[in-house]
Amino acid sequence: MSEPVAPLRAPTRTPAFEARLKKRYAAERRFRLAGLSAIVFSVAVLAFLLATMGLNGIGGFQRAELAVPIDFAESGLAGDESTLAGPTGVSALEAQGLPDVVAFYAGQALGEQAASELSPNAWREVAEAVVADPSLLRQQATFHLPASSDLASALRGEGSAEQIALASELERAGKLERNFDGGFLARSDATDPQQVGIWGALKGSMLTMLVTLALAFPIGVMAALYLEEYATRNRWTDLIEVSINNLAAVPSIIFGLLGLAVFLWIFPTYRSAPLIGGLTLALMTMPVIVISGRNAIKAVPPSIRDGALAIGASPVQVVFHHVLPLALPGILTGTIIGMARALGETAPLLMIGMRAFIATPPDGFTSPATVLPVQIFLWSDEVNQGFVERTSAAIIVLLVFLLLMNGLAIYLRNRFEKKW
Amino acid sequence: MSMSLLLLLVLGLALAAWLAARGRAWAFQREHGARGLKSLPNYHGWYVALWVAVPALLFLVVWSIVSPGLILQAVLASDAADALPAFGFQRESMLAEAKAVARGAAAGVFNPGAQALVEPFREAIGRYNLIGVVLTVLIAFAAGAWAFLRLRPDFTARTRVERAVMALLLIASLVAILTTLGIFVSLVFETVRFFGMVSPLDFLFGTHWGPDPMGNADNPDGSTYGAIPLFWGTIFIGAIIAMIVAIPLGLMSAIYLTQYAHPRLRAWVKPALEILAGVPTVVYGYFAALTVAPAIRDLALAAGVSNPSSESALAAGVVMGVMIIPFVSSMADDSIAAVPQAMRDGSLAMGATTSETIRRVLIPAALPGIVAGVMLAVSRAIGETMIVVMAASTAANLSANPLEAMTTVTVQIVAMLTGEGSFDHPATLSAFALGFVLFMVTLALNFVALRVVKRFREAYE
Numbered sequence: 001m002s003e004p005v006a007p008l009r010a011p012t013r014t015p016a017f018e019a020r021l022k023k024r025y026a027a028e029r030r031f032r033l034a035g036l037s038a039i040v041f042s043v044a045v046l047a048f049l050l051a052t053m054g055l056n057g058i059g060g061f062q063r064a065e066l067a068v069p070i071d072f073a074e075s076g077l078a079g080d081e082s083t084l085a086g087p088t089g090v091s092a093l094e095a096q097g098l099p100d101v102v103a104f105y106a107g108q109a110l111g112e113q114a115a116s117e118l119s120p121n122a123w124r125e126v127a128e129a130v131v132a133d134p135s136l137l138r139q140q141a142t143f144h145l146p147a148s149s150d151l152a153s154a155l156r157g158e159g160s161a162e163q164i165a166l167a168s169e170l171e172r173a174g175k176l177e178r179n180f181d182g183g184f185l186a187r188s189d190a191t192d193p194q195q196v197g198i199w200g201a202l203k204g205s206m207l208t209m210l211v212t213l214a215l216a217f218p219i220g221v222m223a224a225l226y227l228e229e230y231a232t233r234n235r236w237t238d239l240i241e242v243s244i245n246n247l248a249a250v251p252s253i254i255f256g257l258l259g260l261a262v263f264l265w266i267f268p269t270y271r272s273a274p275l276i277g278g279l280t281l282a283l284m285t286m287p288v289i290v291i292s293g294r295n296a297i298k299a300v301p302p303s304i305r306d307g308a309l310a311i312g313a314s315p316v317q318v319v320f321h322h323v324l325p326l327a328l329p330g331i332l333t334g335t336i337i338g339m340a341r342a343l344g345e346t347a348p349l350l351m352i353g354m355r356a357f358i359a360t361p362p363d364g365f366t367s368p369a370t371v372l373p374v375q376i377f378l379w380s381d382e383v384n385q386g387f388v389e390r391t392s393a394a395i396i397v398l399l400v401f402l403l404l405m406n407g408l409a410i411y412l413r414n415r416f417e418k419k420w
Numbered sequence: 421m422s423m424s425l426l427l428l429l430v431l432g433l434a435l436a437a438w439l440a441a442r443g444r445a446w447a448f449q450r451e452h453g454a455r456g457l458k459s460l461p462n463y464h465g466w467y468v469a470l471w472v473a474v475p476a477l478l479f480l481v482v483w484s485i486v487s488p489g490l491i492l493q494a495v496l497a498s499d500a501a502d503a504l505p506a507f508g509f510q511r512e513s514m515l516a517e518a519k520a521v522a523r524g525a526a527a528g529v530f531n532p533g534a535q536a537l538v539e540p541f542r543e544a545i546g547r548y549n550l551i552g553v554v555l556t557v558l559i560a561f562a563a564g565a566w567a568f569l570r571l572r573p574d575f576t577a578r579t580r581v582e583r584a585v586m587a588l589l590l591i592a593s594l595v596a597i598l599t600t601l602g603i604f605v606s607l608v609f610e611t612v613r614f615f616g617m618v619s620p621l622d623f624l625f626g627t628h629w630g631p632d633p634m635g636n637a638d639n640p641d642g643s644t645y646g647a648i649p650l651f652w653g654t655i656f657i658g659a660i661i662a663m664i665v666a667i668p669l670g671l672m673s674a675i676y677l678t679q680y681a682h683p684r685l686r687a688w689v690k691p692a693l694e695i696l697a698g699v700p701t702v703v704y705g706y707f708a709a710l711t712v713a714p715a716i717r718d719l720a721l722a723a724g725v726s727n728p729s730s731e732s733a734l735a736a737g738v739v740m741g742v743m744i745i746p747f748v749s750s751m752a753d754d755s756i757a758a759v760p761q762a763m764r765d766g767s768l769a770m771g772a773t774t775s776e777t778i779r780r781v782l783i784p785a786a787l788p789g790i791v792a793g794v795m796l797a798v799s800r801a802i803g804e805t806m807i808v809v810m811a812a813s814t815a816a817n818l819s820a821n822p823l824e825a826m827t828t829v830t831v832q833i834v835a836m837l838t839g840e841g842s843f844d845h846p847a848t849l850s851a852f853a854l855g856f857v858l859f860m861v862t863l864a865l866n867f868v869a870l871r872v873v874k875r876f877r878e879a880y881e
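Protein sequence lines correspond, in order, to chains A and B. Numbering-wise (this note's numbering), the first sequence opens with residue 1 and increments by one. Numbering-wise (this note's numbering), the second sequence opens with residue 421 and increments by one.
Any given hint could be a false lead.
Listed below are the simulated DSBU-like cross-link pairs for lysine-lysine, each with C-alpha atoms no more than 35 angstroms apart in a straight line [said to hold, decoys possible]:
1. A/Lys298 - A/Lys418
2. B/Lys690 - A/Lys203
3. A/Lys298 - B/Lys690
4. B/Lys690 - A/Lys418
5. B/Lys874 - A/Lys22
6. B/Lys690 - A/Lys22
7. B/Lys874 - B/Lys690
8. A/Lys23 - B/Lys458
9. B/Lys458 - A/Lys22
10. A/Lys418 - B/Lys874
Honestly, the hints are just simulated from the structure, not real lab data.
Use the sequences and the hints to build the structure in full.
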């Protein structure tokens, strides 16, 4: 039997040491907690931002609609498939007095006061429905037509007491409700938040991005190939490298000033055209593509080049037949990320005049257009409260596009990334 | 014939040339055997196709620049042009209207005087378009025929095509230099014009900013072009408030993610930070204006501040700081990862806790990289536009109170260039001077930061 041994203690573990150690461990925990809270804060801000936009945006995909039953058989409007076909159908109905018919039935169903709160262009939706289906003219149908923006804000509880009372009365009677507004994705800018849509801006964005891609991608890839594969190190290549690195860090608004001073000086008639916007954004995106392209090209192992050279390929053949195909997934990832950044860019496009009010979608690269981020900016400036929700809805659409692009980039990276 | 049709025509001719030349090379091959041909038939095809397309396209570019002037001259020489006003806005608009009608871009003229010009315009446009088409086709055929006749079995088509490819690559990489040069020259040009109207001393050292875009352009009041309040607002929002938010949060996130976090947490948080970095600035701006600014105003009211601004510098700065967090975090991440593992292991082996190792060893070793990252972050923050345009004010204010409205260089650039002022007005031109200052400052910050990073990297390699 041996005596119980006292626990081994180093002679340095004095009470003072213990106290110090405790303090040090406490400091360790505090530091760790600080790190964690920094992360939690960042993620919380992101969540809060997305939640704010999401909650506001849901309302933006809806609009206040008044239910108006219309008895076409009684109204005396005439027309069939042949007379209403084509682009003249709507004006043919207008000539027959469709606006008055709509106003009459609205007055009958809703009362005079409420009927005057129908959006001024509501009859157009009726006309379009009739043109799409002329057999409606022999029937009775109920249309959900947009209310005026005043009534729409009264439904949200804003505006004059009189309006709010009217809105709640109509709502109780089931004649006024907020419905999903699919047209938001199909219409263009308007002055009335009940009538706006983002298709025009979306189309402008797509045209602009097309120009950007068509210019920035080939030029960026070629520059990356030249710098990485062929360029001998001399003062010229150094100069090129320095300017690419600097361009990647130049504030985007400076590119807008360049576009304004140079591109609009050369093409003064193409103000606010997707062509000029795309050119400006291409200059901004190109350095991003060059930098990511060079990294992707650098990652291709030299043995590939040596092998190709050894069996007699010329330097150009080595690059275009072997190196470029292997580097392409990496280059594409960088390109998509650069394009996503260009898609969200606003400031340079403001400079070159893509901020005009444009109520029709652009029909070409040279017709006046606006883009989605600029549309968001323009709506955010509107006084009318109805635009708050519409702005958030447009932001949701923009974020969905960006998320899709970034998701594609991540997918490409994971799918094709090779470890040599 | 429109430009795009002409372009298609040239490309079609090039395709035909490619096919023809390749066929000819095949014929050589049949005649002399595969060994007789110096280059593959495809390269013969490319050689001739390039000769067809490149000169014709170059001509098209030149022609599209020259021909509007020729058309205008032809119209002005016609009798109908005698009725035009001698100069001024009326003349320009009449010419533009007549041209639009003649091209079919507009249905009719508003200005009755322009009607007479439509016919000369239509005639001139038709004539010069025809000349353009004929010349383009002639050039394409001449150059193509010359190249085609050079094809021989021992013709080194490949080296020539490759030389053209190399030239193309070189030109593509020169675009970057051209862009930098273009930015520099256009900014300097407009800035010099501005300084011809307003003294540089007034601009750089004046303390009152309030240009009047509608004021007398010939005799601007230099004392309203003092940019000091703008510089101060930019520094206060972008380099002070935003950095107070971004540096601690970004640095601590990077430290936690690299040193403490479980890999699974890292796999979730890193993409989240990337999303934060990918949110467009216009969304941040809207968030700042809609949510953060009113909240800060209410908080200030609740704290007893009288009359806080709803466009406070604080709101814009805080949101900008949030935007910069991922940037600072990834820069800090890189520079901490560049510190050799041996230094960390040594410190831990001596009994230091993890946080002591981080604070006393890793951060001092990574400091140059972190400082460089912060400099890049500052350069990004001061060039950021949309957040401040939407959340900060346009009123220049020289104050150290973060609850007051302040404006920045970028806000004023946007305000001056999207206003109604004419392009020659000093208020409009001041935007270019501000842009020039911004460009030089960000350039200097980036240059120094990249230098620091480079030197620091080499220390451990």
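Hints versus structure:
no.	hint	verdict
1	A/Lys298 - A/Lys418	13 angstroms, holds
2	B/Lys690 - A/Lys203	32 angstroms, holds
3	A/Lys298 - B/Lys690	25 angstroms, holds
4	B/Lys690 - A/Lys418	21 angstroms, holds
5	B/Lys874 - A/Lys22	41 angstroms, violated
6	B/Lys690 - A/Lys22	33 angstroms, holds
7	B/Lys874 - B/Lys690	25 angstroms, holds
8	A/Lys23 - B/Lys458	81 angstroms, violated
9	B/Lys458 - A/Lys22	82 angstroms, violated
10	A/Lys418 - B/Lys874	28 angstroms, holds
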